[in-house]
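> My request is simple: use the sequences and hints to build the entire structure.
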Amino acid sequence: MSDEIRDKVVGLVAERMGVEPEQITEATHFVNDLQSDSLDMAELVIDLEEGFDLTISDEDAQKIETVGQAIEYIKQSQQQSQ
Amino acid sequence: MKPLEGKTAVVTGAAQGIGRAICLRLAEDGANIAGVDVAQDVLEETGAMVREKGVQFLGLQADVSRFDQMREAVAKVAQTFESIDIMVNNAGITRDNFLIRMSEEEWDRVLAINLKGVFNGIKAVARTMTKQRSGRIVNIASVVGMTGNVGQANYSASKAGVIGLTKTAAKELAKRNVTVNAVAPGFIVTPMTDHLSEEAREAALSSIPVGCFGQSEDVAAVVAFLARTDAAYVTGEVIRVDGGMAM
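As you go down the protein sequences, you meet chains Y and C in turn.
Once you know that position 32 of the first sequence is 1093 in the working numbering, the rest is easy, because the numbers rise by one and skip nothing.
Once you know that position 180 of the second sequence is 231 in the working numbering, the rest is easy, because the numbers rise by one and skip nothing.
No wet-lab data here; the hints were simulated from the structure.
Small disclaimer: the values here were computed from a predicted structure and weren't measured.
Careful, some of the hints might be misleading.
Stated by the list, open to error - Calculated cross-link-like contacts (lysine-lysine; reagent style DSS-like; alpha-carbon spacing at most 27 Å):
no., chain 1, residue 1, chain 2, residue 2
1, C, 182, Y, 1124
2, C, 167, C, 218
3, C, 174, Y, 1124
4, C, 222, Y, 1124
5, Y, 1069, C, 104
6, C, 222, C, 174
7, C, 174, C, 127
8, Y, 1069, Y, 1136
9, Y, 1069, Y, 1124
10, C, 226, C, 182
11, C, 167, C, 226
12, C, 167, Y, 1069
13, C, 104, C, 53
14, C, 182, C, 167
15, C, 182, C, 218
16, C, 167, C, 222
17, C, 226, C, 174
18, Y, 1124, C, 127
19, Y, 1124, Y, 1136
20, C, 218, Y, 1069
21, C, 167, C, 53
What follows is the structure, given as structure tokens:
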């Protein structure tokens, strides 16, 4: 279950940023490691929202800086909705 | 090969006037057309004329001022055609009145269709175009958005808004190879301008350097240029099509 979420997030990030999934770890930083700009981040948030059928507020989105944080955020919001 | 062969264009306000002319011109250039309008029966007339050019036409009934309806319409376009390459936000209305007589309803309705409608149109296609890493968005503004016009506080404000929106969208989407431009028609002979008095026409004519009113096809030709792949380095631009009226 957890790994499914992780793999899906990694897949979405890889597709959005044009890198191989193998290059991405939970420590991967969107700005420092993947050189994503604010538009990339906005698009990625929409990718995550659509991919996991949830809504991420702008305030929450700003706190997501690494792939691990994104995975953690989605796990938490899925637990809350259960 | 035609310049827009294999492309798909969405045109709002496609049933009549400038919108219909844009549909026909883009179809002539080879694009498949998805026409959006509230007037379904008149839209079908445009559809029949478009199909005569040998391309596909998809007619969609939607109110551009309603984002849910626009999103649904664009989703149908994406299902029917492979891509959405061109978006022409053309739908517009007038509710002219002197500012001191203008009702809140007249203001709100014009802003909702002419300005929010363009926002909705851009938003509805932006995801598809940024994913594709290509797209052409053309918004129909008006020279009165630059000059103002007696009796058109709502209309001129909405069209000035379209120009600001065009420039912001151009900046935001530039890195995704999506261009956003505006075309600003002057006095064009359409159903929208038919109701003007002879006096108003005479006054308008005297202010147009080329000495005649424009035709919808004049506007469509500029839209067709901006829709082309090789117009890639033009973005955030407002092109007047007004016979020199507002220079």
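> Give a verdict on every hint.
Hint check:
{"no.": "1", "hint": "C:182 - Y:1124", "verdict": "holds (24 Å)"}
{"no.": "2", "hint": "C:167 - C:218", "verdict": "holds (15 Å)"}
{"no.": "3", "hint": "C:174 - Y:1124", "verdict": "holds (25 Å)"}
{"no.": "4", "hint": "C:222 - Y:1124", "verdict": "holds (25 Å)"}
{"no.": "5", "hint": "Y:1069 - C:104", "verdict": "violated (45 Å)"}
{"no.": "6", "hint": "C:222 - C:174", "verdict": "holds (14 Å)"}
{"no.": "7", "hint": "C:174 - C:127", "verdict": "holds (15 Å)"}
{"no.": "8", "hint": "Y:1069 - Y:1136", "verdict": "holds (12 Å)"}
{"no.": "9", "hint": "Y:1069 - Y:1124", "verdict": "holds (20 Å)"}
{"no.": "10", "hint": "C:226 - C:182", "verdict": "holds (12 Å)"}
{"no.": "11", "hint": "C:167 - C:226", "verdict": "holds (24 Å)"}
{"no.": "12", "hint": "C:167 - Y:1069", "verdict": "violated (35 Å)"}
{"no.": "13", "hint": "C:104 - C:53", "verdict": "holds (12 Å)"}
{"no.": "14", "hint": "C:182 - C:167", "verdict": "holds (23 Å)"}
{"no.": "15", "hint": "C:182 - C:218", "verdict": "holds (21 Å)"}
{"no.": "16", "hint": "C:167 - C:222", "verdict": "holds (19 Å)"}
{"no.": "17", "hint": "C:226 - C:174", "verdict": "holds (16 Å)"}
{"no.": "18", "hint": "Y:1124 - C:127", "verdict": "violated (35 Å)"}
{"no.": "19", "hint": "Y:1124 - Y:1136", "verdict": "holds (15 Å)"}
{"no.": "20", "hint": "C:218 - Y:1069", "verdict": "violated (35 Å)"}
{"no.": "21", "hint": "C:167 - C:53", "verdict": "violated (33 Å)"}
Hints 5, 12, 18, 20 and 21 from the list above are not met by this structure, while the remaining hints are.
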